[in-house]
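S.K.: With the hints as a guide, dock the two chains, each given alone in a separate frame, to form the complex.
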Amino acid sequence: MNSMLTIAMPKGRIFEEAAELLRKAGYRLPPEFDENRKLIINVEEEGLRFILAKPMDVPTYVEHGVADLGIAGKDVMLEEERDVYELLDLNISRCYLAVAGIPGTKMNDVAPKVATKYPNVAAAYFREQGEQVEIIKLNGSIELAPLIGLSDRIVDIVSSGRTLKENGLVEYEQIIDVTSRLIVNPVSYRMKEEPISDLVSRLSKVISFGGKEL
Amino acid sequence: MSRLFMFEKPLGMRDTLPELYEKKHRVRSLMEKAIKEWGYSFLETPTLEYYETVGAASAILDQQLFKLLDREGHTLVLRPDMTAPIARVAASKLLKEDFPLRIAYSANVFRAQQREGGRPAEFEQIGVECINDDTVSSDGEVIALLVESLKAAGLLNFQISIGHIAFVQELFLQILGTEERANALRKFLYEKNYVGYREHVSSLALSSIDKQRLLDFLDLRGGEEVIGKALDLVENERGKKAILQLKELWDVMNDYDEQDKVKFDLTLVSHMTYYIGILFEVYAGNVGFSIGNGGRYGLLEKFGKEASATGFAVRVDRLLEALGGAWEEVSVHCIFFSQERRREAFQLAKQMHEKGTRTVLQDISGVKKLDAYTKKFANTIYLLGKESTNE
Numbered sequence: 001m002n003s004m005l006t007i008a009m010p011k012g013r014i015f016e017e018a019a020e021l022l023r024k025a026g027y028r029l030p031p032e033f034d035e036n037r038k039l040i041i042n043v044e045e046e047g048l049r050f051i052l053a054k055p056m057d058v059p060t061y062v063e064h065g066v067a068d069l070g071i072a073g074k075d076v077m078l079e080e081e082r083d084v085y086e087l088l089d090l091n092i093s094r095c096y097l098a099v100a101g102i103p104g105t106k107m108n109d110v111a112p113k114v115a116t117k118y119p120n121v122a123a124a125y126f127r128e129q130g131e132q133v134e135i136i137k138l139n140g141s142i143e144l145a146p147l148i149g150l151s152d153r154i155v156d157i158v159s160s161g162r163t164l165k166e167n168g169l170v171e172y173e174q175i176i177d178v179t180s181r182l183i184v185n186p187v188s189y190r191m192k193e194e195p196i197s198d199l200v201s202r203l204s205k206v207i208s209f210g211g212k213e214l
Numbered sequence: 215m216s217r218l219f220m221f222e223k224p225l226g227m228r229d230t231l232p233e234l235y236e237k238k239h240r241v242r243s244l245m246e247k248a249i250k251e252w253g254y255s256f257l258e259t260p261t262l263e264y265y266e267t268v269g270a271a272s273a274i275l276d277q278q279l280f281k282l283l284d285r286e287g288h289t290l291v292l293r294p295d296m297t298a299p300i301a302r303v304a305a306s307k308l309l310k311e312d313f314p315l316r317i318a319y320s321a322n323v324f325r326a327q328q329r330e331g332g333r334p335a336e337f338e339q340i341g342v343e344c345i346n347d348d349t350v351s352s353d354g355e356v357i358a359l360l361v362e363s364l365k366a367a368g369l370l371n372f373q374i375s376i377g378h379i380a381f382v383q384e385l386f387l388q389i390l391g392t393e394e395r396a397n398a399l400r401k402f403l404y405e406k407n408y409v410g411y412r413e414h415v416s417s418l419a420l421s422s423i424d425k426q427r428l429l430d431f432l433d434l435r436g437g438e439e440v441i442g443k444a445l446d447l448v449e450n451e452r453g454k455k456a457i458l459q460l461k462e463l464w465d466v467m468n469d470y471d472e473q474d475k476v477k478f479d480l481t482l483v484s485h486m487t488y489y490i491g492i493l494f495e496v497y498a499g500n501v502g503f504s505i506g507n508g509g510r511y512g513l514l515e516k517f518g519k520e521a522s523a524t525g526f527a528v529r530v531d532r533l534l535e536a537l538g539g540a541w542e543e544v545s546v547h548c549i550f551f552s553q554e555r556r557r558e559a560f561q562l563a564k565q566m567h568e569k570g571t572r573t574v575l576q577d578i579s580g581v582k583k584l585d586a587y588t589k590k591f592a593n594t595i596y597l598l599g600k601e602s603t604n605e
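The listed protein sequences correspond, in order, to chains C and A.
The first sequence begins at 1 in my numbering and counts up one residue at a time.
The second sequence begins at 215 in my numbering and counts up one residue at a time.
It is possible that some hints are incorrect.
[As the list claims (entries may be wrong)] Subject to a maximum C-alpha distance of 30 Å in a straight line, what follows is the list of computed DSSO-like cross-link-like pairs (lysine-lysine):
{"id": "1", "chain 1": "A", "residue 1": "K250", "chain 2": "A", "residue 2": "K401"}
{"id": "2", "chain 1": "C", "residue 1": "K205", "chain 2": "A", "residue 2": "K564"}
{"id": "3", "chain 1": "A", "residue 1": "K401", "chain 2": "C", "residue 2": "K117"}
{"id": "4", "chain 1": "C", "residue 1": "K137", "chain 2": "A", "residue 2": "K406"}
{"id": "5", "chain 1": "C", "residue 1": "K24", "chain 2": "A", "residue 2": "K564"}
{"id": "6", "chain 1": "C", "residue 1": "K137", "chain 2": "A", "residue 2": "K250"}
{"id": "7", "chain 1": "C", "residue 1": "K205", "chain 2": "A", "residue 2": "K425"}
{"id": "8", "chain 1": "C", "residue 1": "K11", "chain 2": "A", "residue 2": "K406"}
{"id": "9", "chain 1": "C", "residue 1": "K24", "chain 2": "A", "residue 2": "K307"}
{"id": "10", "chain 1": "A", "residue 1": "K401", "chain 2": "A", "residue 2": "K454"}
{"id": "11", "chain 1": "A", "residue 1": "K406", "chain 2": "C", "residue 2": "K117"}
{"id": "12", "chain 1": "A", "residue 1": "K443", "chain 2": "C", "residue 2": "K205"}
{"id": "13", "chain 1": "C", "residue 1": "K54", "chain 2": "C", "residue 2": "K11"}
{"id": "14", "chain 1": "A", "residue 1": "K401", "chain 2": "C", "residue 2": "K205"}
{"id": "15", "chain 1": "C", "residue 1": "K205", "chain 2": "A", "residue 2": "K223"}
{"id": "16", "chain 1": "A", "residue 1": "K237", "chain 2": "A", "residue 2": "K365"}
{"id": "17", "chain 1": "C", "residue 1": "K137", "chain 2": "C", "residue 2": "K117"}
{"id": "18", "chain 1": "A", "residue 1": "K406", "chain 2": "C", "residue 2": "K54"}
{"id": "19", "chain 1": "A", "residue 1": "K589", "chain 2": "A", "residue 2": "K564"}
Keep in mind the hints are simulated off the structure, nothing from the lab.
In isolation and in its complexed conformation, chain A is listed as follows (with noise of 0.2 Å):
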């Protein structure tokens, strides 16, 4: 290996600057805000977990995991979400009756990456978790949430799509027959690989009327319309029932007046195994990656607990990238100061501080170049020399 710059940082590790930290610290308060409103509440787990626990039940691939040994030689893991940790605290400690429950994080996650070592290796996350509560108004105020709090922090071009993983399982067990093969051709919707679904599909020993079902699948995105066709497609009644669930969390969007930000995209399927229920993806227009993501998971039965749970999770850099550079400076004031007018300096910036003007205190002696200096200022105010109108 070379040798490291004085600098470097590990691979996908990077410094947030101040004016970054400005803009974050901002989003993050604004969603914050929003998340607590609707009486979420935050709270921090430990950055380090075991591997076999919290690592092994993330959805997060085990390749991405930062793994490292603690003194007695227990595998550790870098939490690679906050949902796994989540899980774990609401099984142990919070689920004590049988409630629902609503918790909140914005904490970093970390996650290996596989290429272009400059991608980050560690970011925030804010999200949030609905617990126990099994009924689609719960799919429905993590979406909801998730909408009003992505407006709060000043996102407009926006887009939820909305999938039922259950119903994807069920029609092509009723299709294929066997779990094995239904989770062979889901294999090319998690991969995104249309092409290789078509030629599965038409290699797979079938009548005409499935083929044609499980290509109509591909189809199935859109609005309201879509959710005839899926149950045109399906027989089975779990099926039946994963669609009634879009249908019910379709009529609860509408209540909560925020349609016009979700579609359907029933082909939708983050991950192979992690999701039970309905699932859903934020893009947002000027950003190539989605910018969260959530969705119903039984991971609390790995705790010991028979519950399930909703959340989301949005990705605190990706939604910074789509909001851009739409956010003023952050203005900040300065009084110069000499030793006669130290007092007078310090009295007057603790009444700016007090009306919550930023103001830097700064010994006039100190300053090498004073007039590039006083440019990174909104204001300066001199108080320098004997009492005098110097100004």
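Chain C extracted, bound-state conformation (with noise of 0.2 Å):
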């Protein structure tokens, strides 16, 4: 059996943290790691091959047993909800879910509208507010809905606010905070318990918790 892993990595925002963590861990991964444009990586000295995924993508990858492990935002896993475990909390990349819109507005009784890349988390969270809206999913550039009337409020990610500033848009509520989490596939969690339980224990311990006692 080839004990090697295979993690799925989310390409873009994530990665930079995601790979300084890995290093704090004491993996040795080669310096061009970071501005490789390959799919796959492997980085045979460790035993780890890395295959880089859309950030949306890396649970499906994960719960598909194509790849051991992942490392996936809390908001791809509310709105993707595969069946895989979510094993640590890497406390990077830290931002939350908000819903947002123009300054000073109410959504349209007739007709409220919402876009966002999160049609599922949307859809719940209106739906325990008891508001009955129409979800409109959108793949990027959120903030422009509601510029042009695609919709009344927005539901995306907030790292620091000013993507909604510059666009002059505004935050109403805040759905829920998100990190980056470790994912890992069922099956692999039994068949491939040593080097998995291996990296869980050593990123563990480089995971910084700013205060927050875990």
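M.R.: Structure, rendered in structure tokens:
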């Protein structure tokens, strides 16, 4: 049996912080790791193979077992609801999901609309509030939707709040805090127990919780 | 809705084409043989059952059931598993006397899929139920038979993870006090959300010792050593009893010489309410999903019998995936004949059929592209024209 671990990494925002955390945990990743454009990177010395995926797809790769582990934001986990273990809060890429819109506006009474990249999360949130809204799924530049009248509100992740501000939007409600999680396939969790336990214990030693005790 | 293509099937439904059928059939017969050798009797139950009885009793989520109405307006379901129908039959027909009952099945079950439409919504399960025997020996028997039947099917690289739901519940009750709180925490295990579990534990008003106990619980995975660790955590009698059952199970597996295939994972919570004791899941190295599962359940009470049962179910589609392409091609012979030598061809074919050689009889004038067609067969025999040596 091949004991090499395959880890699905999210391209973009989270990637650098995740790579840094792995290095802190003592994994020797080559310097070109960060600027690599390849989709698959083997780090033979460490017995690791990385695949670079769209953040939203990371849990999919892990659920199907083609990646043993993955690093995925809680936002993605909530949206995708994949059957994987959520083992560690890596406490990186902290942000939150929020409802935002044009300042001083109310939701349209007749046809309230919400644009988002997270249709499941948004639908669940408004349902819990007892509000009936139409959810419009967009794939990016969500801030555009209220500006040109596609929707009254958006549901999106907010980290510094700059994007909202620059587009003249304000936050109305916070939905949930988001950090990145280490996730693992249920089969790999059993069949490759040793290398995974090792990785988990090494990572958990270097996760910083900034005062928050866990 | 867009217009259907003529070749389309309902979402999640699949054809089993000849090549796959062969593989499936072979795996099925190998597993069935092993199961029959252990004295289990196979049975069949109807594809449709009442929603109110079997549908509601099954372990499958309501939204995964295919429902329809009969002429009286009763809601029916396509059976989502075989355990509930067997519990129905056992409680109403078979359990007349108070004996242990060993039942097996191989049948298709139906579960509507929530996402990515291509996932199978109908698939075959092979399984057994050992009913009305509460002993750990019977839990062990079912697990050992699972190991044996998988080995018989040719699967080598697999592992069975065993947990005990009563232990989880008793430990949580001991620390948290109420059923409601215990269920809330157990839900995190069911959802495989350890991050949420830890956050929930740290938010509870508990002594640091109890918090540590709940956190240590997550590490209860591995071999025999887990039993000692678990005994350190649990204080109440029923919790201890659950662990002693696992200890006994370990010894039972040892006596079967199958210890190397099993591991403990006390965090295993396959279902929120269905199981009542020892439960397990099977994993194969190269498939991302578990290929089968099982455990002890109290389902028969719903059908009016005070009895518990244990059993396993293996998903044949996933087992086939785990076995991969490790199957030899089925070899089929072909006798091409013309009218003149038809009788001779039929006689030869009969002999070959009797020997168990798969042989096709093909009238040569029915074939348009002979060269290409002959490539489909392991061997070809020509009985053409007037009696001659033309073979």
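S.K.: Given the hinted pair K24/C and K307/A, is their alpha-carbon gap at most 30 Å?
M.R.: violated, 64 Å
S.K.: Below or equal to 30 Å on CA atoms is what counts here, so check K406/A against K54/C.
M.R.: Since the Cα atoms of K406/A and K54/C sit roughly 23 Å apart, the hinted pair holds (cutoff 30 Å).
S.K.: Taken at face value, is the distance from the CA of K205/C to the CA of K401/A at most 30 Å?
M.R.: Roughly 27 Å separates the two Cα atoms, so the pair holds.
S.K.: What's the verdict on K443/A and K205/C, does the C-alpha distance respect the 30 Å limit or exceed it?
M.R.: holds, 23 Å
S.K.: For the pair supplied as a hint, K54/C and K11/C, confirm whether the alpha-carbon distance does not exceed 30 Å.
M.R.: Measuring from Cα to Cα gives roughly 6 Å; hence the hint holds.
S.K.: Assess, step by step, whether the Cα of K24/C is no farther than 30 Å from the Cα of K564/A, and give holds or violated.
M.R.: Violated - the C-alpha atoms of K564/A and K24/C are around 73 Å apart, more than 30 Å.
S.K.: Would you check the hint for K401/A and K117/C, treating anything up to 30 Å between C-alpha atoms as holding?
M.R.: OK: K401/A and K117/C at ~27 Å, within 30 Å.
S.K.: Quickly compare the C-alpha distance for K250/A and K401/A to 30 Å and report which way the hint goes.
M.R.: Between K250/A and K401/A the Cα gap is close to 38 Å, so the pair fails against 30 Å, i.e. violated.
S.K.: Could you grab the alpha-carbon distance between K205/C and K425/A and see if it respects the 30 Å cut-off?
M.R.: holds, 19 Å
S.K.: If you draw a straight line from the CA of K406/A to the CA of K117/C, is it 30 Å or shorter?
M.R.: holds, 24 Å
S.K.: Is the hinted pair K205/C and K564/A satisfied, with a Cα-Cα distance of at most 30 Å?
M.R.: The given pair, whose Cα atoms are some 73 Å apart, is violated under the 30 Å limit.
S.K.: Are K137/C and K406/A close enough, with their CA atoms no more than 30 Å apart?
M.R.: Holds - the C-alpha atoms of K406/A and K137/C are around 28 Å apart, at most 30 Å.
Of the numbered hints listed earlier, those contradicted by the structure are 1, 2, 5, 6, 9 and 15.
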